[in-house]
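Novice: As a plain string of letters, each chain reads:
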Amino acid sequence: MKRIIKNNNCAVIKAITQSLNLSILLVIVFSTSTFSQFRLPSYEKVEMENGLTVYLMEKKDVPLISVSAVFDGGAVKDGLHSGTASFTAEALRFGTTNYTRSQIDSLFNFFGSNISTYANADYSGLSTQFIKDNTEVLLSVIKEMIVNPVFPDDEVQRRKQRWVAELDQAKESPRSVIGSYFNKHIFGDAPYGNPVRGTKAGIEGITADKVRDFYKTNYHPESSAIAVVGDFSSSEMKNLLQKYFGSWKNESTKMIMDIRMMNAPFEDASVYLINKDNAFETTFLIGGYGIKMSNQEQTQLDVINTILGGRFTSWLNDELRVNAGLTYGARSNFAKYKNSGTFYMFSFTQTRNTEAALDLALKTYNRLFEKGIDEETLSSAKNYVKGQFPPDYETSGSLAGLLTQMYMYGLDDSYINNFENEVNSLTPERANELIKKYFPKDNLQFVLIGKADEIRGIAEKYGRVKERNLSEDEF
Amino acid sequence: MKIFLIFLFSAASLIAQIKADDVKTLTLKNGMKIMVLEKTIIPNANMYLFWKVGSRNEYPGITGLSHFFEHMMFNGAKKYGPKEFDRVMEANGGANNAYTSQNITAYTNWFPKTAMEVIFDLEADRIADLDFNPQMIESERGVVLSERTTGLENSPLSELWQTVQGTAFFAHPYRWPIIGYESDIKNWTKEDLENYFHTYYAPNNGLVVISGDVKVEEVKKLAQQHFEPIPAGPKPRKVHTIEPEQKGEKRLFVKREVPSAFVMIAHHVPETGSDDYYALDLLSSILSQGRSSRFYSILVEDKQLAIQAGSFYYDSFDPTLFYFYGVCGDGVKPSVLEKALLEEIDKIVNEGIAENELQKVKNQKLMEFYRTTETINGLSNTIGTYELFFGDYKKLFTAPDDYKKVTADDIQRVAAKYFTKQNRTVGVLNTEEEL
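Just so you know, the protein sequences line up as chains A and B, in that order. The opening position of the first sequence corresponds to residue 478 in my numbering, with each subsequent residue numbered one higher. The opening position of the second sequence corresponds to residue 35 in my numbering, with each subsequent residue numbered one higher.
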């Protein structure tokens, strides 16, 4: 492969302040002929009596239907048992009033489909794609999973055992766990410092009752949404959804949990050094605080990040990979959450090149502040993000995911429909102002995963060093 | 139900399903084949260029060269010098990547439809006049060495896989890793690269597939203008080595510190497009596609012997390997997981499969077909690979029916025919060897 880099533009959505608390019918029609830019295809948004929000978007190029459902229970709500949100989401598949776990798996697979459930920091979700002929039978199973899960004790116990082994195994890939160490280093014991897949101690402490409690507290129609995108008629689909989800009740009062992140400034630069005894390369992240999902300037910030580390010719990749041959890839990213975010640069290099790669990453990063961005580079980056934008919304699955993400983050269509305007209106002057405002400059935070005995001295050069072994349970 | 907000935008959804006849083919005078498919759901298009060269075309001393070459294709030609290919493409809104397999090398460009002519110009330049800048060769060596180590650092399974493959094959070039041996990566020369380019990157050894919001006539015009003047080359020599029949089970152990052991089992099977292909491919689905598959439901869920178990069977021009693998559950010995994996195979050999199980995997194949045809990338990539591995892209469109013809008896027969002890290689990766 030429490279592994692809930043996920899907995760970038623009926020709105507009209240959607309307109960009247509003119809807005846009003429497509006046817009040459990519726009969100038409869809219908409906709120059921029980408060469940439903999105319907017809898309008929293939006879498939995608469903994405989201629930207001992310890893930030794990509490004492790290991993509870992820575990609960998976436990939706463990059995319902009318289906066992294996019946659920067999039904979806029999029709050629799969069903997946997940949690991220901010919310939980369920998603699937199936052939349209199987809509009724599979929707009825989805309904059971969402409305009538039973969380059998034996299934919970069996899954826990495997989950713990998976957590050990995940650490065999520094690349896949470095983000959890970074968030722990940045946020400490605050909710976003909690690893989404949990810790062994957290998972071991989970019981079927705790899963039930988490479900009861966080899975309510009034704080959930279902998006259906694909080959169907909206009016028929609306009736089906009403049939299956209309009777879902809000059993407990809605809990409003407003996480206010203080983002306490870092007092010094520090390095979280994670020792992996058998490492032959060092994997690293460097960064600090970033922005929230609701940040109005995120599209423009992503254009700037494209220049720094969001594409193949980005400064970081050009210097560390193309010019120096130190790594297979280097990139940077804003990871945005509902109430906070991080900015980081990422790369990896053979142990003996650790210092050279870190120095070069920092030197390259400082170009942002010292030289800033010129007109030609900015124009190229603008074309790039505009050209690569539409394929992110090509499939029914990606569109269903987008609609439910918009629900969870309280966003409107402007991210898609104003995207090009936002990009076009960015000037070099404005870009250089945004750099000063948002890119962390002082007291940078580092995570290094590698052979500690060989890189400890190097780590000390960049800040106060805190050490941990990769084999320890905590992040 | 209260309706509170309706948005009515463009009706981009009134598009019919793609059929085989929608793919238009033209062959240029230099022998280069171009396939075009119009699909207008997004204002974007792609260009996939497939070259019939992969690690099977290498020999000891230049192992990994196909993959290294894939990297060098981005490092400068006559009109667009070092770094210019990427700079010009990205400044025009395009992005690219590439991959190398044992059999082929593919280059992928994704771009807004307005950038198509630039893409043709960039590709034509590097196909006709690639330049080998010595400085770029050296820095790219570092990149590829990093690609090799990061793969191994992050995946014990990759390390085991390379060793199993190198043991199961001893004659055929499928025995070395696609990325090459470290010593070869460090030592191949500029001349090796030049020879490779002249041997394999002639237009008659390539296939181009373009899908998206394009017009066939426009593609034809640009192809004639940019690609047709590139001269054809001599036909590359055939890979004629045939792996001799395996005469007994082979076993190997890889020592690496891991929390739990990895087990991988490989059997020799025929190439893609052979008579048994569809049955073997469905058998792979029965073993490992979805949570109701045999390996997952029995070994992972019911018996809790593994935290992961799977099988794979790659497209190939020559007879290849069918792999099973598993990652041991907590405290499970690799010998126990190996036995359990083989028991599942024996069950299929002895008892066959159920009709509804067969129907399930056929449905999975139909779903796979729809998913593939949903995106312009899925379309270009599979149209190209079907054309190369099956000799006809139309096999993509008949695939759901071709799978339908497979019977439960066929599945049992191929399992019995290929999954024998004599034909097997077993690998274990663990902290300590089991006594």
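Treat the hints with caution; some may be incorrect.
Claimed, not checked - Coverage of chain A stretches by chain B, computed from C-beta distances (three or more under 8 Å per stretch; other residues unrestricted):
#1 576-589
#2 667-680
#3 794-801
Unchecked claim - Okay, the calculated beta carbon distance ranges per label pair:
#4 A:851 with B:115: 51 to 59 Å
#5 A:650 with B:249: 41 to 49 Å
#6 A:943 with B:429: 32 to 40 Å
#7 B:429 with A:638: 41 to 49 Å
#8 B:258 with A:614: 46 to 54 Å
#9 A:527 with B:86: 23 to 31 Å
#10 B:450 with A:645: 31 to 39 Å
#11 A:719 with B:56: 46 to 54 Å
#12 B:439 with A:580: 48 to 56 Å
#13 A:724 with B:59: 29 to 37 Å
#14 B:148 with A:848: 58 to 66 Å
What the hints assert, rightly or not - Derived contacts from chain A toward chain B, CB cut-off under 8 Å, selection only:
#15 639
#16 642
#17 717
By construction, these hints were calculated from the structure, which means they are not laboratory data. Everything numeric in this text was worked out from a predicted model, so none of it was measured. Cβ coordinates follow ideal geometry from the N, Cα and C atoms, glycine included.
Novice: Hints broken by the structure, by number, lowest first?
Specialist: 2, 4, 6, 9, 11, 12, 13, 14 and 17
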